Every structure is written in C-alpha cells, then in structure tokens.
Amino acid sequence: GESVGLHLPTLSVQEGDNSIINCAYSNSASDYFIWYKQESGKGPQFIIDIRSNMDKRQGQRVTVLLNKTVKHLSLQIAATQPGDSAVYFCAEKAYNQGGKLIFGQGTELSVKP
Amino acid sequence: NAGVTQTPKFRVLKTGQSMTLLCAQDMNHEYMYWYRQDPGMGLRLIHYSVGEGTTAKGEVPDGYNVSRLKKQNFLLGLESAAPSQTSVYFCASSYLGGSGYTFGSGTRLTVV
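Residue numbers (the numbering used here), protein chains in the order written: chain P, 1 to 113; chain D, 1 to 112.
Just so you know, these hints were derived from the structure itself, not from any lab.
This structure is a prediction, so every number in the text was calculated from the model and none was measured.
Don't be surprised by glycine CBs; every beta carbon is placed ideally from N, CA and C.
Hints should not be assumed to be uniformly reliable.
Not everything, but these chain D residues come out facing chain P in the computed CB check (under 8 Å) [what the hints assert, rightly or not]:
(1) 27
(2) 42
(3) 45
(4) 48
(5) 58
(6) 78
(7) 90
(8) 95
(9) 99
(10) 101
(11) 103
(12) 104
(13) 105
(14) 106
Taking the hints into account, I'd like the entire structure generated from these sequences.
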C-alpha cells in the first residue's frame with residue numbers, strides 16, 4: 001500500500017550547522033505534506049506543512065522542499081540548536097482517502113554542542 | 001488553552017483486562033484520531049472520527065473500539081488487552097480541511 005518513509009534513521013550534526021532531513025513518499029495524490037517534531041515523552045508537534053502544488057515553503061529557521069518528480073520531501077533546519085534534538089516525522093495527507101495522516105518512521109536528530 | 005488532553009498518562013493492565021482511554025479537545029475540531037506508536041516505528045492510525053456520532057477504522061483497528069458521543073471527546077476501548085497492545089497511544093484532532101493535527105501528550109500502556 002501507500003507509505004511514507006525516511007531515508008535515514010539517525011542524523012548527528014554540530015550546533016550551528018544546517019540540518020537536512022529527507023523523506024520519500026509514494027502517494028502522488030497526497031494534498032499536503034507535513035513535518036512533525038517529537039521530543040522524548042511528548043506528542044508530535046506540528047512544524048511546517050506544504051501543499052502539493054508548491055515546491056518550497058519557509059518558516060522560522062525551517063524550510064520544506066517538495067520534489068514531486070522524484071516524490072521526495074526534505075526539511076532543512078538552519079543554525080541547528082540543541083533544542084532541535086528530537087525525532088522528526090514526515091506525514092502525508094490525501095483528502096480522497098478521508099484526510100488521514102500517514103506517517104513515516106522518523107529520523108532522530110542529535111545536535112552536538 | 002488545554003488543546004488535546006489524554007487520560008490516563010500511564011497504565012498497566014493484565015492480559016484479558018479491559019480499559020478505556022479518554023481524549024478531550026477544547027478547540028471545536030471536527031476530526032479526531034487515535035494512533036499507536038511502537039519503538040522504532042512511526043505512528044499508526046487505529047480509528048478516527050469525522051464528527052460526533054461517526055467513527056471509522058484506520059490501519060490497525062483490530063482489538064480496539066471507539067466512540068464519539070460528544071464532539072469534544074473520543075474514547076478508545078480495549079475489551080480484552082493483549083501484550084501486543086503494549087504501546088504509547090496518541091490522540092489527535094484537526095479542523096475539517098486542516099493540514100496539521102494537534103496531538104495529546106500520550107498514554108503509555110503496558111499489558112503484562
């Protein structure tokens with residue numbers, strides 16, 4: 001069936017560097033792609049989303065890129081901070097499938113001081 | 001501004017026991033969801049509801065039942081708990097047409 005997956009399970013970066021977290025998806029009918037951050041012992045927290053008709057969207061220190069040609073999604077975090085250490089999930093949402101969010105497995109980001 | 005509140009936060013059950021997890025949201029969201037999260041895995045959808053009085057199955061519904069008698073509440077029931085249901089359970093809610101969900105802080109359930 002359709003699924004959303006992540007290329008790397010762990011990512012370690014130096015404080016101040018930029019981080020890039022990647023995600024592959026397979027449902028070309030998805031309407032939205034969303035990134036969530038989950039800190040230990042907490043529920044996922046919405047970071048940023050992008051509509052399927054866009055290829056880039058920027059937020060505060062974060063940028064999401066969508067490449068529909070190769071069905072690839074990425075999250076870029078600028079000037080990574082220790083507080084960015086968490087597991088990051090990508091998710092996709094298709095209204096023709098009831099609007100449910102389908103999550104990938106997650107990438108654990110570790111920021112070294 | 002509570003958002004999504006889950007109770008209880010922790011629970012230990014014996015195999016065969018039953019329990020109900022409660023989710024409450026104060027954002028007037030139409031949609032509500034129950035997910036489970038197992039180690040090394042992403043969140044998997046158990047059941048969801050698109051409005052008061054309606055429920056639907058997700059990816060992994062077996063062994064669970066749900067009810068949405070009031071718009072703000074979504075209950076997840078385990079009739080006969082099994083060790084395979086040991087997991088962290090998350091409730092979420094969203095607006096109709098919204099892209100993102102608001103999640104609760106989770107319920108850690110252990111079945112022994």
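To see whether the hints hold, each was checked on the structure:
no.: 1; hint: 27; verdict: violated (13 Å)
no.: 2; hint: 42; verdict: holds (4 Å)
no.: 3; hint: 45; verdict: holds (6 Å)
no.: 4; hint: 48; verdict: holds (6 Å)
no.: 5; hint: 58; verdict: holds (7 Å)
no.: 6; hint: 78; verdict: violated (20 Å)
no.: 7; hint: 90; verdict: holds (5 Å)
no.: 8; hint: 95; verdict: violated (10 Å)
no.: 9; hint: 99; verdict: holds (4 Å)
no.: 10; hint: 101; verdict: holds (6 Å)
no.: 11; hint: 103; verdict: holds (3 Å)
no.: 12; hint: 104; verdict: holds (5 Å)
no.: 13; hint: 105; verdict: holds (5 Å)
no.: 14; hint: 106; verdict: holds (5 Å)
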